[in-house]
Amino acid sequence: MAAVDIALPRGNRALTPISPPKRRLSWQTWGVILIAPYVLVFLVFVLYPVSYGLWLARHPQSYVTLFDDPVFFRTVVNTIVFLLVAVNLKFALALFLSGFFVHERAWIRWLSVIFIIPWAVPAIPTIFSIRFMLNPEWGLINSVWFRLTGLDGPNWLNDPVLGLSMAMVVHIWKALPFWTLILIAGRLAIPRELYEASSVDGATSWQKFKYVTWPSIRTLYLTSTILSMIWTLGDFNSVYLLTGGGPADLTHVLATLGIRYIRLDQVDQAMATIVVALPFVLPLVYFMMKRLSANE
Amino acid sequence: MNKLLREAKLWLIAIPILLWTLLPIYHIFLFSISTKDSAFSGALWPQHPTLRNFGTVFRQEHFYLHHFWEQIWNSLWIALGAGVITLFIATCAAFAISRLKVRGGRTVMNAALFTYFIPAAFLAVPMYKAMGSYGLLNSRWSLVLAMVTLAAPYAIWVLKQASDKLPWELDEAARIDGATPLQLFRLVYLPLMMPSLVAIGTYALLLAWNEYLYAFLLLSHENTIPLAVGLGHFLASDDSPWELLMATALIYALPPAAIYYAFRRYMVGGLTVGAVKG
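Residue numbers (the numbering used here), protein chains in the order written: chain A, 27 to 322; chain B, 666 to 943.
What the hints contain is simulated information worked out from the structure, not anything from laboratory work. Please read these numbers as outputs of a predicted model, since none were measured by experiment. Be aware that one or more of the hints could be misleading.
Which stretches of chain A does chain B cover? Using the computed rule of at least three CB atoms under 8 angstroms from a CB of chain B, they are [said to hold, decoys possible]:
id, region
1, 63-69
2, 102-109
3, 141-152
4, 224-233
Using N, Cα and C, we set each Cβ at its ideal position, and we do this for glycine too.
Just chain B, same shape as in the assembly:
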């Protein structure tokens, strides 16, 4: 009896959690399969569920959707660019700081951490100004480089933590065998660091795909904006086609969610705990 009561208490907590978590998600799904009239009626389930909204989006048959495929491509381009470049820069830096013990490595690590702790919206203002003076505004590169700047500090920190744990004997053995630093990096370091590298690549990729603030500050030209900014444009008028907005938003949200869940094992182990351990 006592045990039953305890289980009931757990369920009593579980149901609000479930509702709280899923309601906004369900609401996106609901709108994406509703006609406009049905969506605006506040119904909990449409009388005639339809997939027509997705057809409209894919065929770009609305003023707000004329550049849908181009925007998806831009999002992908920016996310992949930021992911690859962050991974490259952070891996090299972590290797230099942790394994080669480069002089000044500690200072660089502190500079990176400082960047990590500046609120992103605060850095956005000077970054916007600087991108302007570099002549990069409205180029997709500006967003890629901005995202690399935001993602690299945490990436370096996590990779450094992970590589500090590798046994020193490996490096010593490699040195004694006459390996060059690059051979050590390629043949010993990279294979051992693989799980962390997967986590960091995913982290940077998702960060760039999901970014809104920097995207809408740095890019405003129709041909360069990613889908995130395209979604924001829907709210330009009061009479927005919310059912199309939600269908597009669903398409936009699915890839990062899928990637997150596919790599959740790495993400939880490699990232979350390292974030605030102490």
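Isolated chain A, as found in the complex:
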């Protein structure tokens, strides 16, 4: 009996390398076959387009023309303002709201289901809806404002500063639920005992936040902010569908400017716009990839 018991595993181990090279090869071969479709997609729809695009952007003249375009400078300023203000405001709100949503009440759970709607529905219907709400003559906002105060409201989307601000509002409206969810998950992962212990010690809620909550979710918060910055840089819808880059091309961001050049059939220019943004984007991408690889 004992001999069998001992022999079995050894027997199995002996079985496996009957034809070791062939067997290992066939598992590796299957691996190559199964990964091939994605590699093909990557080569054909990422690597080739990106290389081709960079090749198109090789002329110094494109950059001269780009920097001479008065729209470009304004766009860079808009993009920086958009990133700094919209992303940070969004995360401050998300941090605050995640603290609200972790309260254990049935009605707060229901509210969180409603709260996620902006993230769950497509962008066009809601952005168009907000666009008409901001219409100076017929829109809901100015109508209500007029009924309350008897005064005409501002011409929201015809003013570059207000227009860009509203684009940021739209962006926040759409993306806030997602980041709030992430931060809720972060807060829920904090052990309850920490809060109970600090309650016993008589900590105020500000102290609990400062010494328990924030140290626990700080990394998550910073990683999320950086990821959100990259994605916000690619947010085409919030600006294009609301203001179309107008009035007079004063509310463009880099994402919409690139597409504008395509529509004008100036593809070299469009690529140059993107290349100019790369020194800023690539470090962020590098940071995120490091983060995710370290996580494995």
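Guided by the hints, dock chain B onto chain A, whose structure is given.
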């Protein structure tokens, strides 16, 4: 008393959240049941609510709506195509990287992650150019393939994370029993991965249905554009029929919202946390 005060404070936060979230949604609904005059008067509720707008949309009785059903069909075709192809490609890749430990798998994973982190609007420009040189512009396939390119990296990442968690003993047992990699894939891997697969399929489907930028860049022919681009056409003139636009937009937004809520359990568990964990 103290407890009452705390509840009141919660409600004080809840009411602005509710208003902020629902106002644009309510506004769509309001327009879709209003006549044009009523919609443009800034009323908070129409005097005579009507469903006539939906009738107009379904019978395609307006210049902007002549291809309504065709556009819905295109949206559906593109979303299903992108969903199925992404699911297939990503599942195979995740299995090869995570379970078969294919050589170079790490490099492929990094390439995928890199794609995931490029802002979508930036990739759109070279993608448009490349689709042109492949002769795919104005074919629905161009949008399907573009959406697969955008959805696959995240899909692979999530599926790889999920499959790394499966116990190795299963693979070893299967190998010892002489199973081929395909048998392992079909009989062991797929059943265990089902919840993540549902989440990823839904993710890719919704991404493709909701996409606007790539759709309007790659497709411009009347017979190939999805509903998203059709909606964008409404703004071609200043005097647009906003009540019809909103009725159409409501029809467009309902299916993805319904699907999202139906699979919310999977979406929250399978997707959101994995996005930025760290």
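Q.
Under the constraints set out in the numbered hints, which ones does this structure not fulfil?
A. 2 and 4
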